[in-house]
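> This is what each chain is made of:
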Amino acid sequence: MSFSLAPTVADSNVVSFPKAIRWMPHQSIPTHHIFSIQPHLFGEIKADLFIFGEIQADLFIIQPLQVNIEQDEDGTYIVSDDLFLVYGNGDNKSDAMGDYTISLVEFYQLIEKNAAVNPFDQKLLANLQFYIKPKPLKGFDAIQTDRD
Amino acid sequence: MPYKPIEIEKMLTGKLKMLSENADHTWFKLELDGLQSIRTKLPNHKDDIRDKLESRIHKQLRVRKPFFRELMNCTKHRLYYEIQIRDNPYPPFSVLIV
Numbered sequence: 001m002s003f004s005l006a007p008t009v010a011d012s013n014v015v016s017f018p019k020a021i022r023w024m025p026h027q028s029i030p031t032h033h034i035f036s037i038q039p040h041l042f043g044e045i046k047a048d049l050f051i052f053g054e055i056q057a058d059l060f061i062i063q064p065l066q067v068n069i070e071q072d073e074d075g076t077y078i079v080s081d082d083l084f085l086v087y088g089n090g091d092n093k094s095d096a097m098g099d100y101t102i103s104l105v106e107f108y109q110l111i112e113k114n115a116a117v118n119p120f121d122q123k124l125l126a127n128l129q130f131y132i133k134p135k136p137l138k139g140f141d142a143i144q145t146d147r148d
Numbered sequence: 149m150p151y152k153p154i155e156i157e158k159m160l161t162g163k164l165k166m167l168s169e170n171a172d173h174t175w176f177k178l179e180l181d182g183l184q185s186i187r188t189k190l191p192n193h194k195d196d197i198r199d200k201l202e203s204r205i206h207k208q209l210r211v212r213k214p215f216f217r218e219l220m221n222c223t224k225h226r227l228y229y230e231i232q233i234r235d236n237p238y239p240p241f242s243v244l245i246v
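In the order they appear, the protein sequences are chains B and L.
For the first sequence, this note's numbering gives the first residue as 1, with consecutive numbering after it.
For the second sequence, this note's numbering gives the first residue as 149, with consecutive numbering after it.
The shape of chain L in the complex, shown without the other chains (with noise of 0.2 Å):
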């Protein structure tokens, strides 16, 4: 079933404490110690979010659908998505190397 905005929302700044970052767009920020710091938009339309979208949404994350599935049906919790995000992120951080 395809989520709302507004629920993907309450996930990242409740589940995850994300911080909200207002532009055009509300955008949400996690910092991490040693890592770069991950970041999420969310469309500014209320209508369901359907696939291709939320594939998009949870690369921001770095995490795979199962996973982000997760966060969202609160199989999942902070903690995990922290070990997630330092041991398998997806995609990995070093897609660019400097």
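The following block holds chain B by itself, in its conformation from the complex (with noise of 0.2 Å):
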């Protein structure tokens, strides 16, 4: 698999997230960790917001996922994704990154439901998947269970 236009999220994970925020398989995952990288880290890379780990208790985003808020007209926020097309809208920057949660889970369900008719999905799903994976990483039982 090969991917292309998505350098801020796929080139940023290669190259330089800083160590604090970096995922090793021997921590836990943060629960809906959101987090901002500074521009200046990256050189030419636009980098914004990022989002990962569990977006429900059986969905996680184990790659960070590259998402913007944006704040419309009326004063509600929007949050959205470039590479899903995704978006969530809130009267607060929580609301919205709720809503962008719940509709990017639903939006999972529903082409990984589309995937077994359309083999256009299925291309749409494993991409999806780079991102997002339905049941827990390899070893996070036992951490639980270690931790339990």
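In case anyone wonders, no lab produced these hints; they're calculated from the structure.
None of the values given here were measured: they were computed from a predicted structure.
Hints should not be assumed to be uniformly reliable.
No more than 27 Å apart at the CA atoms, straight line, and that leaves these computed lysine-lysine pairs for DSS-like [said to hold, decoys possible]:
#1 L/224 with B/123
#2 B/123 with L/207
#3 B/93 with B/113
#4 L/165 with L/224
#5 L/152 with L/224
#6 L/213 with L/165
#7 L/200 with L/224
#8 L/200 with L/177
#9 L/213 with L/163
#10 L/224 with B/113
#11 L/165 with L/194
#12 B/133 with L/177
#13 L/194 with B/123
#14 L/213 with L/158
#15 L/152 with B/93
#16 L/163 with L/194
#17 L/207 with B/133
#18 L/200 with L/158
#19 L/207 with L/158
#20 L/213 with B/93
#21 B/123 with B/133
#22 B/93 with L/165
#23 L/224 with B/93
#24 L/194 with B/93
#25 L/177 with B/113
#26 L/194 with L/158
#27 L/213 with L/200
#28 L/207 with L/165
#29 B/133 with L/224
#30 L/163 with L/177
#31 L/152 with B/123
#32 L/152 with L/213
#33 L/194 with L/224
#34 L/163 with L/200
#35 L/207 with L/163
#36 B/113 with B/123
#37 B/113 with L/207
Two chains, two frames, some hints: make the complex.
The following block contains the structure:
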């Protein structure tokens, strides 16, 4: 699988996430973790907000996904991504982010369901699964058990 | 003039013949031969849809704002939409290449 036109997410992940926000296999996954990165860290790469971690009980964002937050003319907020074109909206940033994650989960589930009958949606699902996984990562259960 | 969600819904289901898929949000799906399915959703509120929110919707439909407005204002029909999506989708489907 190869990706193109996803330099902000794919390349930045490979290139240089600061240590503080790099996920390591022996660490538990932060819940719905959102962080921002200063653009100067990446030179030409425009970096805003990334989201990763748990978005639903059995669904994880395993590769940081870049999202944009904008304010509309009426003062409401919109959170969206440029890869899957999913958006969420709300009266404040938090509500918009919550709506975005619900929408992303719904989008994933709809594509997963349709992938069986549409080969193009199979490809889209494969791309989605580069960022989103339906089950805990290998070793995650063991980490949870150890902690318990 | 901003549109209401119900007006956009009428265009999606009436003109484009999109099928609704219910979840927390109502999604609309259009399947065209040889293309990835096209999906959009509408917000849960009934207020006017402002500029930036409208732009998210026409992006999901893979058309630019003027084309979307023509769909809404009845000057473009489903056939034109299908031709547009096949010839010049925006954003293109090839944003991600497997």
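> Indicate, hint by hint, whether the structure satisfies it.
The hints, checked one at a time:
no.: 1; hint: L/224 with B/123; in the structure: 30 Å, violated
no.: 2; hint: B/123 with L/207; in the structure: 20 Å, holds
no.: 3; hint: B/93 with B/113; in the structure: 30 Å, violated
no.: 4; hint: L/165 with L/224; in the structure: 14 Å, holds
no.: 5; hint: L/152 with L/224; in the structure: 19 Å, holds
no.: 6; hint: L/213 with L/165; in the structure: 20 Å, holds
no.: 7; hint: L/200 with L/224; in the structure: 22 Å, holds
no.: 8; hint: L/200 with L/177; in the structure: 21 Å, holds
no.: 9; hint: L/213 with L/163; in the structure: 17 Å, holds
no.: 10; hint: L/224 with B/113; in the structure: 31 Å, violated
no.: 11; hint: L/165 with L/194; in the structure: 22 Å, holds
no.: 12; hint: B/133 with L/177; in the structure: 23 Å, holds
no.: 13; hint: L/194 with B/123; in the structure: 34 Å, violated
no.: 14; hint: L/213 with L/158; in the structure: 18 Å, holds
no.: 15; hint: L/152 with B/93; in the structure: 22 Å, holds
no.: 16; hint: L/163 with L/194; in the structure: 21 Å, holds
no.: 17; hint: L/207 with B/133; in the structure: 25 Å, holds
no.: 18; hint: L/200 with L/158; in the structure: 20 Å, holds
no.: 19; hint: L/207 with L/158; in the structure: 18 Å, holds
no.: 20; hint: L/213 with B/93; in the structure: 25 Å, holds
no.: 21; hint: B/123 with B/133; in the structure: 15 Å, holds
no.: 22; hint: B/93 with L/165; in the structure: 33 Å, violated
no.: 23; hint: L/224 with B/93; in the structure: 35 Å, violated
no.: 24; hint: L/194 with B/93; in the structure: 19 Å, holds
no.: 25; hint: L/177 with B/113; in the structure: 13 Å, holds
no.: 26; hint: L/194 with L/158; in the structure: 14 Å, holds
no.: 27; hint: L/213 with L/200; in the structure: 11 Å, holds
no.: 28; hint: L/207 with L/165; in the structure: 18 Å, holds
no.: 29; hint: B/133 with L/224; in the structure: 40 Å, violated
no.: 30; hint: L/163 with L/177; in the structure: 13 Å, holds
no.: 31; hint: L/152 with B/123; in the structure: 34 Å, violated
no.: 32; hint: L/152 with L/213; in the structure: 16 Å, holds
no.: 33; hint: L/194 with L/224; in the structure: 25 Å, holds
no.: 34; hint: L/163 with L/200; in the structure: 23 Å, holds
no.: 35; hint: L/207 with L/163; in the structure: 18 Å, holds
no.: 36; hint: B/113 with B/123; in the structure: 13 Å, holds
no.: 37; hint: B/113 with L/207; in the structure: 22 Å, holds
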